[in-house]
Amino acid sequence: MIRVAPILIAAVSAALLAGMMLTNPDYNSIVRPFETRVPPGETGQTRLIGGRIDSWRSADMITFPLYGDLVRRETQGVFLIVDATLFGTTESTMLRATWIGASGRRYDTTDRISGAFRQVQDLWLQPGLESRAIAIFELPADEIPQGALLLAQRTDPPLDGVLRLEAPVTAPIHVPMLELDG
Amino acid sequence: MKRLGWIALALVFSLLSTLLVAWPDLLELRRGKNWNVTRIEGASGELAGVTVSVDQARVMVLPELPDRAVLYLRMGLQGDAQRMRDWLACDLGLTDDQGRVWRPLMNVVGLQVIDLLGDEGDTDNSCDQSRILAPEDGSPSMSVQAFLVPVDVLGKLRLRISGMTTRPDALSLPIRPVLRPPPE
Amino acid sequence: MTRDTRPSLLRRIWLRTLATAGIAAAVLLSWWWKIEEARSPETAPAAAFGTAVDLGRTALTPMVLEWQPGDGRLVLTAAIENLTGETQVAIFGGPPHPPQLILNGAPQEPPQIVLLRDDAPLQQLQPRISEDIALIWQVAPDWQAGQVQIDFAKQAFKLKDNLYGQSSWLGFSPAARLTAIPGIRP
Chain A
82 MIRVAPILIA
92 AVSAALLAGM
102 MLTNPDYNSI
112 VRPFETRVPP
122 GETGQTRLIG
132 GRIDSWRSAD
142 MITFPLYGDL
152 VRRETQGVFL
162 IVDATLFGTT
172 ESTMLRATWI
182 GASGRRYDTT
192 DRISGAFRQV
202 QDLWLQPGLE
212 SRAIAIFELP
222 ADEIPQGALL
232 LAQRTDPPLD
242 GVLRLEAPVT
252 APIHVPMLEL
262 DG
Chain B
301 MKRLGWIALA
311 LVFSLLSTLL
321 VAWPDLLELR
331 RGKNWNVTRI
341 EGASGELAGV
351 TVSVDQARVM
361 VLPELPDRAV
371 LYLRMGLQGD
381 AQRMRDWLAC
391 DLGLTDDQGR
401 VWRPLMNVVG
411 LQVIDLLGDE
421 GDTDNSCDQS
431 RILAPEDGSP
441 SMSVQAFLVP
451 VDVLGKLRLR
461 ISGMTTRPDA
471 LSLPIRPVLR
481 PPPE
Chain C
753 MTRDTRPSLL
763 RRIWLRTLAT
773 AGIAAAVLLS
783 WWWKIEEARS
793 PETAPAAAFG
803 TAVDLGRTAL
813 TPMVLEWQPG
823 DGRLVLTAAI
833 ENLTGETQVA
843 IFGGPPHPPQ
853 LILNGAPQEP
863 PQIVLLRDDA
873 PLQQLQPRIS
883 EDIALIWQVA
893 PDWQAGQVQI
903 DFAKQAFKLK
913 DNLYGQSSWL
923 GFSPAARLTA
933 IPGIRP
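Residue numbers (the numbering used here), protein chains in the order written: chain A, 82 to 263; chain B, 301 to 484; chain C, 753 to 938.
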């Protein structure tokens, strides 16, 4: 009868340890950014980045000037253009913008359109200054509603604040061709 | 009583092992930030054997965007060439009294600001280049940088500078920018 | 008094444990070699036109192989699709292992990869948007069109790696080999 207590203690400890091992979260779920969710139309702020979505548009085709030529870009999906006002908080920050689609897939700003029309990936946020910026994504049309614009630091450190601006409630205005001009 | 002693010993050892594991991270944290900023009110100061001096600060408010100003800063590093190299990297920014930091512009706009506000025959070295390319005669090694700042902080700005290996020590010098009229 | 010639009990147990461990190690090792062999096949499976090849992050479907003697270009057109849930810049893995052309047993320089749509270089691949691309190899114009070989490499993904338990892209292994005679377009 005297042997029961130690066996019980050993069994309970083993069960506890096994439970800890089984429920131990993996690296990817521990080391994640701190996400600040901002409802549609509101202004939000995280450690280094603040901003809001002003408007959004979609287009089948985009033209823009590049080294004196007019370049035309088409897509098998659709171009989504998000206009935002952004501001820095405490330190100069370079940005990376991602569209989180309705399916949860992540679309980076497209590399296929380059030039000086204040694209968010070229912007350098400064403390105390507001800047207008546009973010252009290339995605299937059904990823647009219920999506969100995610703004993070360019280097995307794993444990820093990121700003998630939810998509506006009204659908974006669609144009067949959008001309960007400096 | 004896049992209590064992528990105390176990606690001490668990604390010690935590400290041992955390030690490299604590050292990294100490090196990672400017914890110890020396404020100087003159135009030059010394940091880890290198004399840092603010040579010129000029500012211009562009009429289209009256809330912001572009700032041009020429500064010099002077000292033993090896000590300047030992810094490994410059970490500089303009700070205000609320602890906000403006970093030098490393883009086309930055180069345009330096063209607009700099002098003829100015160097185009950045702080890191001036650290490595010090003149032979021991005179200050100049560098130029451009900033974009709000107009309302212009009177409160200070230059904060440190090197990768001088941290946690950093130096803070006042900036008194001269206002230049915008180009016609 | 008789002398006990049998070894002591402890010694017997020790010997038997050692022998068992040795046999177990030999069995496990040969089993592991078998697994390794199966994991990295020596000869990659044959690829065919119109069938997708899994490259890890992306799936590439070879469509047409063409020799353009006028420009000295060997062109493989293909459809490529992103298999991950995020925009890919490492389309052929990281470090990049683009398809490798082998002519007469000699590996060639990596190809130039452009979008068929507007001849812009392929830099990003968006999820759920398949792109038609051309892989262009510069080949000496006096090359006599014959059988060519194109090797595809696949990068392995591990959800929990052995270092930090984070998801990682690891080594490359041969994914497929396309053997074909290019069509000629003057």
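Worth flagging that the hints you see were computed from the coordinates, not collected in a lab. There's no promise every hint is true.
As the list claims (entries may be wrong) - Derived EDC-like pairs: lysine to aspartate or glutamate, alpha-carbon spacing no greater than 20 Å straight-line:
hint: 1; chain 1: C; residue 1: Lys910; chain 2: A; residue 2: Asp241
hint: 2; chain 1: B; residue 1: Lys333; chain 2: A; residue 2: Glu172
hint: 3; chain 1: B; residue 1: Lys333; chain 2: B; residue 2: Asp396
hint: 4; chain 1: B; residue 1: Lys456; chain 2: B; residue 2: Asp396
hint: 5; chain 1: B; residue 1: Lys456; chain 2: A; residue 2: Asp223
hint: 6; chain 1: B; residue 1: Lys456; chain 2: B; residue 2: Asp386
hint: 7; chain 1: B; residue 1: Lys333; chain 2: A; residue 2: Asp107
hint: 8; chain 1: B; residue 1: Lys333; chain 2: A; residue 2: Asp237
hint: 9; chain 1: C; residue 1: Lys912; chain 2: A; residue 2: Glu172
hint: 10; chain 1: B; residue 1: Lys333; chain 2: B; residue 2: Asp386
hint: 11; chain 1: C; residue 1: Lys906; chain 2: C; residue 2: Glu861
Here's how the hints hold up against the structure:
Pair hint Lys910(C) plus Asp241(A) does not hold up; C-alpha atoms about 25 Å apart against a cutoff of 20 Å. Taking the CA atoms of Lys333(B) and Glu172(A), the gap is about 14 Å. The hint holds against a cut of 20 Å. With a C-alpha separation of about 17 Å, the suggested pair Lys333(B) and Asp396(B) falls inside the 20 Å cut-off, and the hint holds. Taking the CA atoms of Lys456(B) and Asp396(B), the gap is near 6 Å; set against the 20 Å cutoff, the hint holds.
Our distance criterion of 20 Å between C-alpha atoms is broken by Lys456(B) and Asp223(A), whose separation comes to about 50 Å. Of the pairs offered as hints, the one joining Lys456(B) and Asp386(B) is violated, with about 31 Å between alpha carbons and a cut-off of 20 Å exceeded. Between Lys333(B) and Asp107(A) the alpha-carbon distance is near 29 Å, which puts this suggested pair outside the 20 Å criterion. Pair hint Lys333(B) plus Asp237(A) holds up; C-alpha atoms about 19 Å apart against a cutoff of 20 Å.
Distance hint between Lys912(C) and Glu172(A) is unfulfilled; the C-alpha atoms sit about 35 Å from each other, more than 20 Å. A distance of roughly 18 Å separates the Cα atoms of Lys333(B) and Asp386(B); the hinted pair therefore holds under the 20 Å criterion. Under the criterion of a C-alpha separation no larger than 20 Å, the hint pairing Lys906(C) with Glu861(C) is consistent with the structure, at around 19 Å.
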